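Below, each chain spelled out in residue letters.
There are 2 protein chains.
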Amino acid sequence: MASRTSPTITTIAQAAGVSIASVSRVLNGLPVRAETERRVLDAADRLGYVPNSVARSLKSARTHQIAFAVEDIGNPVYLAMLREIQPLLKAAGYRLVLHSTGADAAEEIEVLRGLGQRYADGLIIVPIRVTPDHLAELRAAEAPVVVIGSLPDSGLADNVRTDSRRGVEMALRHLADLGRRRIGFINGPADTVPGHARSEAFRSGTARAGLAVADGTVHEGRFDRETGAEAVHRMADAPAPMPDALLCANDLIALGALDALRARGLDVPGDVAVVGMDDTDLAAVSWPPLTSVSLGSAERGAHAARLLLDRLGADTGAAPSAPRAVTVEPRLIVRASTGGARVVDDGSAAG
Amino acid sequence: MASRTSPTITTIAQAAGVSIASVSRVLNGLPVRAETERRVLDAADRLGYVPNSVARSLKSARTHQIAFAVEDIGNPVYLAMLREIQPLLKAAGYRLVLHSTGADAAEEIEVLRGLGQRYADGLIIVPIRVTPDHLAELRAAEAPVVVIGSLPDSGLADNVRTDSRRGVEMALRHLADLGRRRIGFINGPADTVPGHARSEAFRSGTARAGLAVADGTVHEGRFDRETGAEAVHRMADAPAPMPDALLCANDLIALGALDALRARGLDVPGDVAVVGMDDTDLAAVSWPPLTSVSLGSAERGAHAARLLLDRLGADTGAAPSAPRAVTVEPRLIVRASTGGARVVDDGSAAG
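So the sequences go chain by chain: A and B. Everything in the first sequence is counted per the numbering used here, starting at 1 for the first residue and increasing by one. Everything in the second sequence is counted per the numbering used here, starting at 1 for the first residue and increasing by one.
Keep in mind that a hint or two might mislead.
In this list, chains with the same sequence are indistinguishable; a pair is considered to hold if it fits within one copy or across any two.
To be verified - Here are the simulated lysine to aspartate or glutamate pairs, EDC-like style, with alpha carbons at most 16 Å apart:
| # | residue 1 | residue 2 |
| --- | --- | --- |
| 1 | Lys90 | Glu107 |
| 2 | Lys90 | Glu220 |
| 3 | Lys90 | Glu110 |
| 4 | Lys90 | Asp163 |
| 5 | Lys90 | Asp72 |
| 6 | Lys90 | Asp215 |
FYI, nobody ran anything at the bench for these hints, they're computed from the structure. Fair warning: this is a prediction, and the values are worked out from it, not measured in the lab.
Just need the whole structure built from these sequences, with the hints factored in.
Written as C-alpha cells, this is what we have:
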C-alpha cells in the first residue's frame, strides 16, 4: 500500500534531502541547480510520484510561439515583413521563432513537418519554391499555416500574395512612357516562384507595351548584386547596343547593375534607366535613388500575421473556416534612376 | 479498487468514444481536433489517468531554443549579428526566438526575467542601456546569458564587446591626416551605452588628434537618418562656418547627413568629409559610398553564439567556469565619402 500512495512534496523533499521549495520548483519545471534537479527527480521516481496536473499540462499545450520561415533573413524583403510581423505577434502574446532556410526546399519541408512537434502554435512561411512535397506537407500540417506567396491551390492554406505581373507591367509602361524602347531584363533563378512570375510578366508586358527585347539583353542569375553587375558587364562587352532601360527582378540586382554602369562610364538615367523590384530600404539609399516596384512586403507581413492570429483566436470555437486569400496591390515608386520622383499606382497603370 | 487502478489507453478510448490512436496523440501532446482533445481529457480526468512519463518530461526540460534580444531588428547592425548567430544556432540544433524590445529597458528586463519560464535554454542580449535592474536580473538569470556590449562588472555574464573609443579615434586620426581641422559630431542619445561611449571618445579623440571642435557642431538626437539630416540643416543655417568633416555615430545618421549636404549643394568629400559607424550594408550602397568604422557586428554575433553554445554544452559537466569576455577590434573602412578606398586597421591607428 505504501507504494500505491502517491508521495507528497514533503515526502520527496525528505527523500531527496532538499527543501520543499526546491521540489516545488523542479516539479513545476522551473530552473534549479542541476544537482538539485537530479536528486528531486531520482526521489520522485523512486517514490512513484504522480502529478495530478496531467489535464492541465495537456490543456496548456499552447506554446505561445509562432514561427516565421524565410529563405534568408539577410534579404531586406523578409526583414520588411519581419518588422511588421514581430510587433503584431508580441502584442498578441506570442514569441517569434525565426527560421532561415537557406532556400533549401528540404529545410522548408522540415519546418512544416516540425509543426507536429508542437514547438509553435502556427507558422508563417515564405516558400521560394512550391514543390509537390510542400503541398503534401501543407495538407498534413499539424498547426495553422499562412503562406506568403502564390499557391497553386488556394484551398490549402491562408495565403497572402501580390500581383508581381501587374507590378512588372507598371514598370514597363513607365519606361515606355519615358520613351525607352530597348529594355533589358536581369532576373533571378527562373525556377523559383518569384523568378518564374517575373519572367512571364516581362515577356507579356513588353509585348503589351510595344517594347522590343533585343538579343542578349535578358539575363538570369541569382537574386543578388553580383548578378546585376555581371549582366551589365556582359551586355557592355557584347557587340549589340546597350539597352536604354533595365528592369531588374529585385533591388539587389539593380544595385549591382548601377555599380557596373558607373564603372562603365554610363549615365543613369541618361544612358540607361534602371528599375528595381521590392522597394527595399536600399532603393532610397542608393545613388541615384532607385525607381522600384513595391510589392508591399510590409503589408504582406502584416496581413499574414493578422490571418494567423485570427485563426489561432478562432481555434477554440467551431470548425475552422475555409482558407482565405489576400492580395496586396503593387505600386511603382519612381525615383531618380528613371528620372522622376513620384508614385505611380493603380490609376496610371490601368488600360 | 477500480478507481485506484490507472486506466489504460484502451479504457480511455472506450470512455471517450474515440480511437486508441487519438488517445495516444492527446496524451503525447500531439495535435488533434479540439473536440477530440476535449473528450479524451475529460475521460482521462474522470478515470483518474496518471501517466508514468513524469520523470521523462521533467528531465527533457531542455527547450532547444535560444533567444536573441535586440532593440530593433530593423537596425542593420543587429541584422548583421543575426545573420551570424542564426546558422550557428541552427547547426547546433537550436531554434532562434527573436525579441525586438523597442529600446525599452523594462522590456529588456522582462526578457531576462522570462528565462525563469524556461522557454529558452539561453539568451543573447544587446542591451541599449544597462540599468541597476539589468544587473540585478543578470545576477539572478535562470539560464545562461551572453551580453553583447559593455558591462560595468565583467563577472556577471559572458560578454562580447568592441572598442568603440578606439574606433572613433581611428576615424578622427584619418580625418586629421586628410587635413580636416573643424570636425562636427552627430550622436544618438548620450544616455545609451553606445551614445555615451561615442561621446566620450569624440571628446578625448579630438583633443589627442589636435582637432578643433567649433561651437554648434556637436549634435545629439536619435540613431536615425532624420537626426543626421536635421543636424546638417541646423549647422548650415547657423552663422558659423560648416565643419569640414562630420563624424556620425552610426551609418543611418551619416546617410541622413549625406542627404542634407546634397540638398544644401555641398560636395562630399570636397566641402565636407563624412564618416559613419557600424559599417552596415548601407555604407557600401550609399552615394558617395560611406567611410565607416566597423565595430565588427558580424564577429560579435558569432562570438556571442559560440560563447553561449560552449556554456550550454558544458552545462552537463562540472560547475560553470567563470564568465568570459571577448573584445572585437574596430577597423576603419575608407570609402569615397572621405576620398579614399582602403582599410585602416590597428597599425595606422597606433601611436
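Right, here's what the structure says about each hint:
1. In this homomeric assembly, Lys90 and Glu107 come within 16 Å of each other (Cα to Cα) only across copies, at 11 Å, whereas the closest approach inside a single copy is 26 Å.
2. Proximity of Lys90 and Glu220 under a CA criterion of 16 Å is satisfied in neither setting, with 39 Å inside one chain copy and 31 Å between copies.
3. Within a single copy, Lys90 and Glu110 get their C-alpha atoms only as close as 25 Å, which misses the 16 Å cut-off; across copies the closest is 13 Å, which meets it.
4. When the C-alpha separation of Lys90 and Asp163 is checked against a cutoff of 16 Å, the pair qualifies neither within a copy, at 29 Å, nor between copies, at 33 Å.
5. Proximity of Lys90 and Asp72 under a CA criterion of 16 Å is satisfied inter-copy only: 13 Å between copies versus 22 Å inside one chain copy.
6. With identical chains, the CA atoms of Lys90 and Asp215 are never at most 16 Å apart, being 51 Å at best within one copy and 44 Å at best between copies.
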